[in-house]
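Make a model of the complete structure from these sequences and hints.
So the protein lines, in turn, are chains Z and G.
Residues in the first sequence are numbered from -6 upward in steps of one, following our numbering.
Residues in the second sequence are numbered from 47 upward in steps of one, following our numbering.
Please keep in mind that the hints were generated in silico from the structure rather than gathered at the bench.
Don't be surprised by glycine CBs; every beta carbon is placed ideally from N, CA and C.
Honestly, I wouldn't trust all of these hints.
Over 10 Å on every C-beta distance to chain G, these chain Z residues come out as not near it, computed from the model [unchecked claim]:
{"hint": "1", "residue": "31"}
{"hint": "2", "residue": "38"}
{"hint": "3", "residue": "45"}
{"hint": "4", "residue": "95"}
{"hint": "5", "residue": "100"}
{"hint": "6", "residue": "104"}
{"hint": "7", "residue": "146"}
{"hint": "8", "residue": "165"}
{"hint": "9", "residue": "173"}
{"hint": "10", "residue": "208"}
{"hint": "11", "residue": "250"}
{"hint": "12", "residue": "262"}
{"hint": "13", "residue": "267"}
To be clear about the criterion: a stretch of chain G counts as covered by chain Z if any three or more of its residues have a C-beta under 8 Å from a C-beta of chain Z, and this derived list gives those stretches [claimed, not checked]:
{"hint": "14", "stretch": "57 to 67"}
{"hint": "15", "stretch": "263 to 274"}
Next come the chains, spelled out residue by residue.
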Amino acid sequence: MEKIFQKFALSSATLVFIILLGIFITLFNAARPAISEFGLNFIGDSAWNKEVPLTTPEATTQKSLAPTTVSDTDDETVDENDFGDSSDDMIMDDEEETPTKTIYGGLVPLVGTILSTLIALLFAMPIAMGISVFLAEIAPKKIASFVGGAIELLAAIPSIIFGMWGLYYFAPIVADLFGGFQVSLLTAGLVLGVMILPFMAAITRDSMNTTPDILKESAYALGATKFEVIKDIIFPFSKVGIIGSVILSLGRALGETMAVAFLIGSIFQLPNKITDPTITIPVALANNFGEASGLGMSSLFYLALILFIMSFALISVAKFYFLRKAN
Amino acid sequence: MKRLLINKIVLALSTISALIGLAFLAWILVTLFMKGLGSFHFSLFLNDLIDNGLRNLIIGQFILAGIASLIGIPLGMVAGIYIREYGQGRYANLIRNLSDIMMSAPSIVIGAFVYAVVVVPTGHTSGFAGSIALAIMMIPIVIGTTDSMLSLVPKELREAGIALGASKYKVIFDIVIKSAKVGIMTGILLAFARIVGETAPLLFTSQTSNYFTLDLTHAFPSLSVSIYDLASDVQTSSRDLAWAASFILTVMVLVINLTGKFIIRNKK
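Following this line, the structure appears as structure tokens:
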């Protein structure tokens, strides 16, 4: 019995490893067609589901001279009469008689993800710092426990609720104040900020609480004000931990789907202004997974892989560098 | 004087931050109550979505999260026990860190993963696929709770058990887990509250259904996924239903969450 249980326990623990590895391999596998088609250019390309001439620019000029050579990427020479049975990715453009293919690029969702996360960070960080200072240093114990509990409750609310509230109640006010669209990078980023606020405040407070009381008391004994103790004792002491907490919150914000899906506008277009609609990687997945097929599907998996690697990297850095150093 | 003034200003700003946090919570909850109660009706619990009710969705959401718990809780607990009680240094630490990373993995990516390994091979969305996605989200949370609750059990208890001649397995189950029981159960309750409100991992795994069904091999009714569909609908009646559904979902999640926290506080 002892041996059996131990084996079972070991395999359960190993399951974590297998699942993570499985996610990576599966995403990579499913993304492979897109990876081999677009390579790393995928990251820098802002087109999504866009039909472009199959030929390269040089080949197009050649085409007028030699209409039968269609592509240099395709091995077989396609005869003009055979276009009827060309594959899905090659669609005939009737007017110009140029064969086209559909290309996918991940730049727009990638930029959307990064910008909305940054907006969330800029909005949430000062408030979260304020809250954690309030909870750790200012409020009497009873009030701190009430306020802390309430803020934690904010974290328990399902993200889809943030989305609905954000779209119908928060976004109109933001749009009134800043102009532009109600669904935009700005409104999505701000709601994202509200969502990571409790998480950020809680772990920042935990970092601040690691400051030894004796240090604080010594400073108070020297006549320091509360602000001076916070600025000169607590912040320097828990700085590394706080940075780690902020990065960890960033990792959370990167992958948030539902709240952003309501608010980002979901169009594959780079934003010119902060109040323009765009799209993020999670939202691109959520909204297009159902209808996608072929190369489009594979490109979505490519996006998922990029997101997974980004969040993996961020969390690892936070955990293994900053938070370990802090302890 | 200046120092005291700066001190006052900073403390005031910090208090205002706390008030901003509370204001957001109040704003969201009040909105939910007003809009949700406005379109709330007890017939919502009796009819299925096809007849403008939510019965099948509420039951479906609980079944999805319930099956996820049946998979996730035992696996997570046993893995947590391994890390704390059996694990030897490096490997246990590696799993602990990976579990932390997995806990923060984007839920939509987990949905995409389950789509690729379950939905594509079986050919269609299913309740099972949804439950598996939720279970993957739950496992690292349960591992974390089990791990930290077991770490609170004093070493002397284990030593006493072993000194009496009990096998390690017996010590773990009869002594260590028993004394950490309340903590672990609370953690599990909070983990359940976390996954029962999830939407993203279910979008293309379980999807949702307008009808009542217990058949886990096909698209399965989900309250959260239906909220997303209804809320984006142009018809105001659908949106009203979405608000009522959001209200119910939030109450469910918060009640479970607060119950867990209440138990923790009472224990202390």
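- Which hint numbers does the structure go against, in order from smallest to largest? 7, 11
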